[in-house]
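Trainee: Read off the chains here:
2 protein chains.
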Amino acid sequence: MTNFHLLARRNLLLGEGTPLFYEKPVHIVRGEGVMLYDAEGRQYVDMYNNVPCVGHTHPRVVQAMTDQAGTLNVHSRYLHEGILDYAERLLLLHDDSLTCAVFACSGTEANEVALCMAREATGGRGIICTDSAYHGNSAEVGKLTRQDRPDRADPEIRSIPFPQCYRPMGDGLSGLELTELYLAEVTAQIEDFAAKDIPFAGMLVCPLLANEGLPGIPEEFMARAANVVRAAGGLFITDEVQSGFCRTGSWWGYEVMGFVPDIVSMGKPMGNGLPLAGVVAGKELVDNYRKQTGYFNTFASSPLQAAVGMAVLEVIESEGLRENAADVGGYMRRELKQLQAECEPMGDVRGYGLFIGLEWVSDRETRTSDREGAVRIANQLKDKGFLISNAGALGNVLKIRPPLVFQRTHADSFLTAFAETVRGL
Amino acid sequence: MTNFHLLARRNLLLGEGTPLFYEKPVHIVRGEGVMLYDAEGRQYVDMYNNVPCVGHTHPRVVQAMTDQAGTLNVHSRYLHEGILDYAERLLLLHDDSLTCAVFACSGTEANEVALCMAREATGGRGIICTDSAYHGNSAEVGKLTRQDRPDRADPEIRSIPFPQCYRPMGDGLSGLELTELYLAEVTAQIEDFAAKDIPFAGMLVCPLLANEGLPGIPEEFMARAANVVRAAGGLFITDEVQSGFCRTGSWWGYEVMGFVPDIVSMGKPMGNGLPLAGVVAGKELVDNYRKQTGYFNTFASSPLQAAVGMAVLEVIESEGLRENAADVGGYMRRELKQLQAECEPMGDVRGYGLFIGLEWVSDRETRTSDREGAVRIANQLKDKGFLISNAGALGNVLKIRPPLVFQRTHADSFLTAFAETVRGL
Chain U
1 MTNFHLLARR
11 NLLLGEGTPL
21 FYEKPVHIVR
31 GEGVMLYDAE
41 GRQYVDMYNN
51 VPCVGHTHPR
61 VVQAMTDQAG
71 TLNVHSRYLH
81 EGILDYAERL
91 LLLHDDSLTC
101 AVFACSGTEA
111 NEVALCMARE
121 ATGGRGIICT
131 DSAYHGNSAE
141 VGKLTRQDRP
151 DRADPEIRSI
161 PFPQCYRPMG
171 DGLSGLELTE
181 LYLAEVTAQI
191 EDFAAKDIPF
201 AGMLVCPLLA
211 NEGLPGIPEE
221 FMARAANVVR
231 AAGGLFITDE
241 VQSGFCRTGS
251 WWGYEVMGFV
261 PDIVSMGKPM
271 GNGLPLAGVV
281 AGKELVDNYR
291 KQTGYFNTFA
301 SSPLQAAVGM
311 AVLEVIESEG
321 LRENAADVGG
331 YMRRELKQLQ
341 AECEPMGDVR
351 GYGLFIGLEW
361 VSDRETRTSD
371 REGAVRIANQ
381 LKDKGFLISN
391 AGALGNVLKI
401 RPPLVFQRTH
411 ADSFLTAFAE
421 TVRGL
Chain F
1 MTNFHLLARR
11 NLLLGEGTPL
21 FYEKPVHIVR
31 GEGVMLYDAE
41 GRQYVDMYNN
51 VPCVGHTHPR
61 VVQAMTDQAG
71 TLNVHSRYLH
81 EGILDYAERL
91 LLLHDDSLTC
101 AVFACSGTEA
111 NEVALCMARE
121 ATGGRGIICT
131 DSAYHGNSAE
141 VGKLTRQDRP
151 DRADPEIRSI
161 PFPQCYRPMG
171 DGLSGLELTE
181 LYLAEVTAQI
191 EDFAAKDIPF
201 AGMLVCPLLA
211 NEGLPGIPEE
221 FMARAANVVR
231 AAGGLFITDE
241 VQSGFCRTGS
251 WWGYEVMGFV
261 PDIVSMGKPM
271 GNGLPLAGVV
281 AGKELVDNYR
291 KQTGYFNTFA
301 SSPLQAAVGM
311 AVLEVIESEG
321 LRENAADVGG
331 YMRRELKQLQ
341 AECEPMGDVR
351 GYGLFIGLEW
361 VSDRETRTSD
371 REGAVRIANQ
381 LKDKGFLISN
391 AGALGNVLKI
401 RPPLVFQRTH
411 ADSFLTAFAE
421 TVRGL
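Residue numbers (the numbering used here), protein chains in the order written: chain U, 1 to 425; chain F, 1 to 425.
Keep in mind that the hints were calculated from the coordinates and are not lab data. One should not assume that every hint holds.
Intra- or inter-copy, both count: the list cannot distinguish identical chains.
Cut-off 25 angstroms, straight-line C-alpha distance, at most; resulting in silico cross-link-like pairs (SDA-like, lysine to any residue) [said to hold, decoys possible]:
| hint | residue 1 | residue 2 |
| --- | --- | --- |
| 1 | K382 | E88 |
| 2 | K382 | A39 |
| 3 | K24 | D67 |
| 4 | K337 | F296 |
| 5 | K291 | E219 |
| 6 | K291 | R371 |
| 7 | K24 | N288 |
| 8 | K283 | L12 |
| 9 | K196 | A153 |
| 10 | K337 | P19 |
As the structure is a prediction and not an experimental result, all values here were calculated from the model.
Could you build all of it, start to finish, from the sequences and the hints given here?
Mentor: This is the structure in structure tokens:
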């Protein structure tokens, strides 16, 4: 079946406009490691998918899934050791203050739990996020997304301009002055909640501001924002759906930012493609959440989730993928920065570990965003066999986020193709 | 590890009060068909779990999962035939008017999609449910749950007393008179929305009112309620998370009720334990939903969901499980009704196919509910090796809902144990 026919069938069965990547979408039929293959046998280096973090179709993960699915997979209203072993191992990877876990099936569900936990603990309702965030697709979590849609406005949700160094608020400010300016935005929202008698519950952000475009975050912003939030009686939640599980070369985004949040939500890479997500927090917070809500999730905390989640942690550790992300990611960024010298549209090269953002601009002096240019590059690289995409608040940031098994050899072949592409502009 | 230690560890790692079944919880380690086994090798006939609808650890489902997880599992922004084949097959099992599908990871997520779809299509906000419903655990869907919690009151959500024949509103009414009385409750809520300038979006119910206690539903109520809702510009949504996939001996609960809803949500049995859920509706509704929301769900519409969901449909059809549910369920109900003659607390024997509710009462004349009695029976049957539970608006309905592979021999051994238990009261 041709892609034309597949697309027509898809529009019929799943609805017009079901999201797809690339101007000419690809028809992927097989994956292995960092490689994806289309129906005609064409090979692509996957440089975008962070869900299959230990690589597509990793045999150890598939085996764990097969073994558990063939032994037992049932809901969590019976005792089962697997989920306890998994929770324990996961919690040991977190800060000592985060001692208790709640599991769910998607990042959206995890953020639902996190928001509710913060609200139940504080008795508050008001939540602060950033103005270009995405944290999930449910009605409640969706309120945190893209505050530029006024029809979604909700008095309980406030956003601040996302803190960044590339197009900062406040002309001529830098370093800690800039941090102060963004912190003042947090304080202003807290004060406005108080003025409107909306009790404050907390703040929820991706610690890397991934959807905002993975910007350079003003020094100490996250740690100090957490203090501001706590001083006002709120809780600080980090959404580690993108930043977690060694993506940055550290286990968690909050480590990169040098602070510890009160509540952490996790998702995407957690099950290497099996729907698995969760929240960790201090025991008092979780106990109170359990007590207030009686939370139960049919498919979550299952033996299957536990076995697969555990296999993912084991592979990350046994294959040294945290170290690999730091090493190969650092190499990529250094090489890309060299290329930047001769490539005007590469306004900024940013990121942490195997999570890299390239700010695409039409003018490096004025830092004018060039979304169309970024889209064109992503499509050209796809035709050369490298899958990346564009993202960010202005849609002009090339987002590079391969499975953690991405090697220097893959980086080299990408860098060659990328250099060819930008030189051919 | 003893159950005492497992429970202590669970309270530490997952939080105090994480829900468990039975006064002395069971530690299940293995499943096969309708059987579950605890850590000491004790066998239980599973008569409660509708998620493993084709049986625990069904080899064909496990094989489909293994094969697909070992080939490709990636999000839905690439073209893939598997999800189209699955959507097509699933849609062919529905009424001809339901032509388009949206996939998700849990029943909660499916009901989030369904509510949003109805609201986007009608421009309305007001939703009617019943006063003892459960449709999921997110903030928005959670508003439909247990309207007796005034702290959850939301002007956009209204409930009606759930329609039933056993403890009906209106003394001495029966048949269509009773139906009219409950329909008047729907109309009253629609009129109250109008009076308060809340535009009406529709009604969401389980077509069997499963959580309400699987009551005898007054004749034609569902079909006529759908007409009332549509006449007021709303859409009628059935939540088939419990009633779908041949549980009743029909494919869908709406067939049992003799009508066709506008939007259908599905979950639990859909993936036999893999997180898989979805919504079907007419194409215009889905197209509009896609256009308004750009809905994307990282783990949904995946090749893995498609392969496993397809295997479940194939097994249901090839093993004749719809016919089995009708046959064995009918047999069980007939036998239980015979036992009812000599068992005072069995106030009512109800249900459809392999979904049976036993109303437990302290006095059959006054129909006084006996929740404690129902809990005791469930615990005693557990000790005899049969897993059921209590549910319903008053918590006094014994809920029997085994995997669809439940056979007459299983029914016979249950009936013997059940008769022994009730005679020993």
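Trainee: A separate judgement is required for each hint: does it hold in the structure or not?
Mentor: Against the structure, the hints:
| no. | hint | in the structure |
| --- | --- | --- |
| 1 | K382 / E88 | neither (41 angstroms within a copy, 30 angstroms between copies) |
| 2 | K382 / A39 | within (15 angstroms within a copy, 51 angstroms between copies) |
| 3 | K24 / D67 | neither (38 angstroms within a copy, 28 angstroms between copies) |
| 4 | K337 / F296 | neither (48 angstroms within a copy, 33 angstroms between copies) |
| 5 | K291 / E219 | neither (38 angstroms within a copy, 39 angstroms between copies) |
| 6 | K291 / R371 | between (47 angstroms within a copy, 21 angstroms between copies) |
| 7 | K24 / N288 | between (50 angstroms within a copy, 23 angstroms between copies) |
| 8 | K283 / L12 | between (48 angstroms within a copy, 7 angstroms between copies) |
| 9 | K196 / A153 | both (15 angstroms within a copy, 21 angstroms between copies) |
| 10 | K337 / P19 | neither (32 angstroms within a copy, 52 angstroms between copies) |
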